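Chains as they are written, first to last, in this note's numbering: chain A, 1 to 352; chain B, 1 to 352; chain C, 1 to 352; chain D, 1 to 352.
Just so you know, these hints were derived from the structure itself, not from any lab.
Since the model is a prediction, treat every value here as computed from it, not as a measurement.
Check the hints yourself; a few may be wrong.
Just so you know, same-sequence chains aren't split out, so a pair can sit in one copy or run between any two.
As the list claims (entries may be wrong) - Using 35 Å as the maximum straight-line C-alpha spacing, the simulated DSBU-like pairs for lysine-lysine come out as follows:
#: 1; residue 1: 325; residue 2: 135
#: 2; residue 1: 94; residue 2: 61
#: 3; residue 1: 43; residue 2: 14
#: 4; residue 1: 135; residue 2: 213
#: 5; residue 1: 325; residue 2: 207
#: 6; residue 1: 325; residue 2: 94
#: 7; residue 1: 94; residue 2: 143
#: 8; residue 1: 207; residue 2: 324
#: 9; residue 1: 138; residue 2: 325
#: 10; residue 1: 135; residue 2: 324
#: 11; residue 1: 139; residue 2: 325
#: 12; residue 1: 44; residue 2: 14
#: 13; residue 1: 14; residue 2: 325
#: 14; residue 1: 324; residue 2: 14
#: 15; residue 1: 61; residue 2: 325
#: 16; residue 1: 135; residue 2: 207
#: 17; residue 1: 150; residue 2: 325
#: 18; residue 1: 19; residue 2: 311
#: 19; residue 1: 44; residue 2: 324
Protein chains: 4
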Amino acid sequence: MAFVCLADFQAFAKDNLPKSTWEFIEGGADECITRDENISAYKKIRLRPRFLRDMSVVDTKTTIQGSEISFPVCIAPTGFHCLCWPDGEQSTAKAEAMNICYVTSTYSSCFYDDIVAGAPNGLRWIQLYVQRDRKITKKLIQKVESLGYKALVLTVDTPALGNRLQDNRNRFSFPALLSTKNIHVPIEENSESLLSVSSIDSSTSWKDIAWLKSITQMPIILKGILTREDAELAISHNVQGILVSNHGGRQLDTVPATIDALTEVVNAVQGRIEVYLDGGIRTGTDVLKALALGARCVFLGRPILWGLTYKGEEGVRQVLNLLKKEFYRSMVFTGCRSISEISQDLVQFSKL
Amino acid sequence: MAFVCLADFQAFAKDNLPKSTWEFIEGGADECITRDENISAYKKIRLRPRFLRDMSVVDTKTTIQGSEISFPVCIAPTGFHCLCWPDGEQSTAKAEAMNICYVTSTYSSCFYDDIVAGAPNGLRWIQLYVQRDRKITKKLIQKVESLGYKALVLTVDTPALGNRLQDNRNRFSFPALLSTKNIHVPIEENSESLLSVSSIDSSTSWKDIAWLKSITQMPIILKGILTREDAELAISHNVQGILVSNHGGRQLDTVPATIDALTEVVNAVQGRIEVYLDGGIRTGTDVLKALALGARCVFLGRPILWGLTYKGEEGVRQVLNLLKKEFYRSMVFTGCRSISEISQDLVQFSKL
Amino acid sequence: MAFVCLADFQAFAKDNLPKSTWEFIEGGADECITRDENISAYKKIRLRPRFLRDMSVVDTKTTIQGSEISFPVCIAPTGFHCLCWPDGEQSTAKAEAMNICYVTSTYSSCFYDDIVAGAPNGLRWIQLYVQRDRKITKKLIQKVESLGYKALVLTVDTPALGNRLQDNRNRFSFPALLSTKNIHVPIEENSESLLSVSSIDSSTSWKDIAWLKSITQMPIILKGILTREDAELAISHNVQGILVSNHGGRQLDTVPATIDALTEVVNAVQGRIEVYLDGGIRTGTDVLKALALGARCVFLGRPILWGLTYKGEEGVRQVLNLLKKEFYRSMVFTGCRSISEISQDLVQFSKL
Amino acid sequence: MAFVCLADFQAFAKDNLPKSTWEFIEGGADECITRDENISAYKKIRLRPRFLRDMSVVDTKTTIQGSEISFPVCIAPTGFHCLCWPDGEQSTAKAEAMNICYVTSTYSSCFYDDIVAGAPNGLRWIQLYVQRDRKITKKLIQKVESLGYKALVLTVDTPALGNRLQDNRNRFSFPALLSTKNIHVPIEENSESLLSVSSIDSSTSWKDIAWLKSITQMPIILKGILTREDAELAISHNVQGILVSNHGGRQLDTVPATIDALTEVVNAVQGRIEVYLDGGIRTGTDVLKALALGARCVFLGRPILWGLTYKGEEGVRQVLNLLKKEFYRSMVFTGCRSISEISQDLVQFSKL
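Chain A with its partners taken away, still in its complex shape (with noise of 0.2 Å):
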């Protein structure tokens, strides 16, 4: 069977993982409303093609933080690869050998040396949730920063783990083997939360960005903003990025959708940072929509875990080669022949 669009992947994670594994990937918080509305907003955003310009050559290329990627479309960090394919990050980092970022989860189950070894030259991001245990914090900053790593992207999102019911059913626990190698929390087997949530430090305030910046030369991105009070407070703390993000609606349900939370925080920033979005991509109008609203890139997060699941690396990239080639098509399709072209004219909401 040929795979023609990214739900043909899902449809394979779904049949090959254990649930309780799929059900972990998939789960979003309490009733999944976010987690559903993060792919529904983008139906009901309409796009307003132009015709008749030469679209002979079309160039998807763009910059985060300065570096160059091939396409707007980069990895986002997700926990513990290793549940959805033998040697998990490793495999993920090698497919962004595609000229794209890949931002590594705190809860690697690959350790960072190993992730890194894998491709050398890929342009990675490293996800941080800021541990109780400062010195652990500083240690792991200070590592990956040695490693290469190019940005922090701090999670604002989890003060708590969010409320996830059929983890719940599941008593939903993770083999020993799979524990967060870089940063040694202990998993309680048969735990009735996922995680122990007791090594995230839930006081973590905005006072911490100055601690960060006092310990990397790394810039700071803010992952899980989604106002435009927040967004002031970023900038006005000096952060140099800020990820529009519900945490795939796995946090706190019935947030809006990132698609809908973006133009305002869009038109807080005014153009000063670069702002990112995650959840609900899952074709290349999508991309080219949150574009339009002005995401400066977008990033994948449960589509890369059922390209992992397929095939490892080739999976990966599969995916992210499928996303490429929608994406480009909807640039000719709408007259954008540089991503600079890709303007807010290009999207209204439906009356719907």
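The hints should help you fit chains B, C and D onto chain A, whose structure is shown.
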């Protein structure tokens, strides 16, 4: 099987109660449009979470009419608890000992003395249907006041009983032993409507507020107000609170969901008296939304009966504790460290 | 089985009529969008109930064209009642003796003399399709006027017959004995459309109002007006009433639901003549909403035929009594002690 | 079985064509959101009918580019009619003899000479994809002009082929005998996309309009314009018409339904050139709505292929006659005696 959300208790109750009892509890008036919208209206409200605040200490305590409660969820008045658990309201009252308020129904299936005996220190309010025989009404009020009840919740939306199709189909009636012990209303077996409506005085009107004030020191809360006009009348008649309610959608079908009516009432009241809400609360984010829109506290109806059906006092506690955990989490995820930090900025209405 | 709502009569009729008769009665034009929206439009209107009024006496009486009726629900004109019950319109007329108005169709399957004989004191109006042969039209009008009919309801929305797919599929036709006894229209068996449209005069126009006025003393009501423009023309042509109708969704698909068109017509009319409505009334709250939005009275079409199918005169009475009880209750629950207290403040349109 | 609406022809075609051919015809791009919305958008538009006008004479005739047509529905360009009926476009052309216009596709499966021979007096326009080899393009245009074609319909929305998932799954390809006879594009069997896109010139741009004008006297119609900006460019490049189209939802998914885009284009054009529409027309009221919103004429795509599949020339006639009857009826029911009486007052957008 683990019970991970309130709907799990509902499923248990559906499976374990006699069909006609289940339909009596779940039923709404006519086509059940309001009953269902009470719940679905919350799904259209979006939360605007704030991050990077120190969430290591979160306090859910608040007060109602000056009494402290451990979190802003209390027990709404519902009748005939013995339908769900042998000693009915006595078990419900014991669960309330977790420091919330229990509004006891006029139509309780236990004697008030017994209800109080089970949890002598609990906070209790009394719900009142004015009886045609005003002497009975007066006796009831003075009885419960002497038992330590702290407020009088006058139901205003029941000049007649709602048209509940399933009860009519089932010709639902009560076994004699479930008669409303405290007011000695004769129950006619096999009568077409649930309960002889003749005992409730359909002539009750605004002028009776003065009479009630003349016979009790308890503050008076009007339950069932849905419009700005009635809210203004309530204030001009010197009541101490309004409980925005549509009787769980059991009286007049196609009135607004309570969360939709709340803003109109809150805007009319302008903080002069406390405003509460019941109807459709099923998750912690529902509670947060109601508070953000101006409710001081919300009341739980059917979910209490589901918990009671499951395990009596213990089941009611489990329901309340689960909701408390969810509400706590929703505060953590939106950056609210105390009830006073829950403001209207937290919500927006979905475009959908 | 108890019949607790109008839908129960509908279910009975569906089960007991021949399929092609059922589809003739229930059918709408083309895709039945308007037929269905006539009903669903009421579900989006919310009631704003008022409380603490003395509801011990509630009066549902009102008048139409100066005649008193026991509650504001009358019988809309529908043809061929003998399809549902052996003596057809004669039984319908007897049920009307409960002091409402019965609008008899041009296409009745009983002689007008027999219809009148069954309930000599009932209030009756005549519905008119202008026939090509104006002498037939004149004779019909003068006949019914002499029989005591009190108003002429001119249907304006039928210059041709609607496109009812199921009737076309069924090649629906009438047995000879069901021919329209009063105007002797030849029925062609197995003709593709229900009834030879050639007898209705598609050239009927505003100038014919003057002609009608010249041959009858009865007030003239225009049935089928849906726009402000036509409402204004109606008034300038000195008719005495407008019945906002879309022929039960049987003529032109995708015209507005009547409850949605009502406000436009009421606003244009400004109280100068009476405005009525038919289409989609299924519950007591539907009646209340139509009156709150300006209708003086509503007319019931299909539900009368369901009742007739169930038990003839007795079935029609049951339908009317059930709706009367529901309407009474909706007045009690919204604080309306008389028809004159039903005002526009009672309704708001749902956000959904 | 009687065919009483266009959907009946669709059902026949689905049952009688090979699955991959059916999916090629019905398919839309990606998730088929636009394809489906083309149809559903009409259901949300409400008609405002006017009554009591003399409807004994109704005239459906109109003109396009100065040529008279019997009613404002013509045949849109679709390719490869031999997939549906042995002699393909020749049968389609014969059906057109009922005095409408047939827009012949660049990718016809019959020679243009044969198409013309079948109905020498018919009104025909030619649809053009500009080929990379401009000599082929020029030859094609001059050939059809010499055959009596009356206008050139330049498709602007196909700088590449749309992403049709089912065709990709089916690896849909054409038997050699169905090759596009008029332009000799080599068809690669089993290639992944339908048709080698290499023959269409993706560099075609506004400057080519002048070139086209230099090689033909035919008026030029731009097919695929969806925005005010492109409508203004069209006028400034002196084309004679715009066909608002989204290629049946087959090119870029999530562009607006054509009936939704029509108003924007009509407002920009301000009557300076004729505006047409294709996409989603399935009933007579759809045609009426498009005309009320400013279209001069609409074009039918898939329904023509359904009719062709059913019975060749006779099937196409049946489809067109059914729609003509429905359109005639919709004029009668709204009080429009001629095309010029169809005005914007006739429509309003549903609140739903």
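* To do: Run the structure past the numbered hints and jot down the numbers of the failing ones, going up.
  => No hint contradicted; all consistent.
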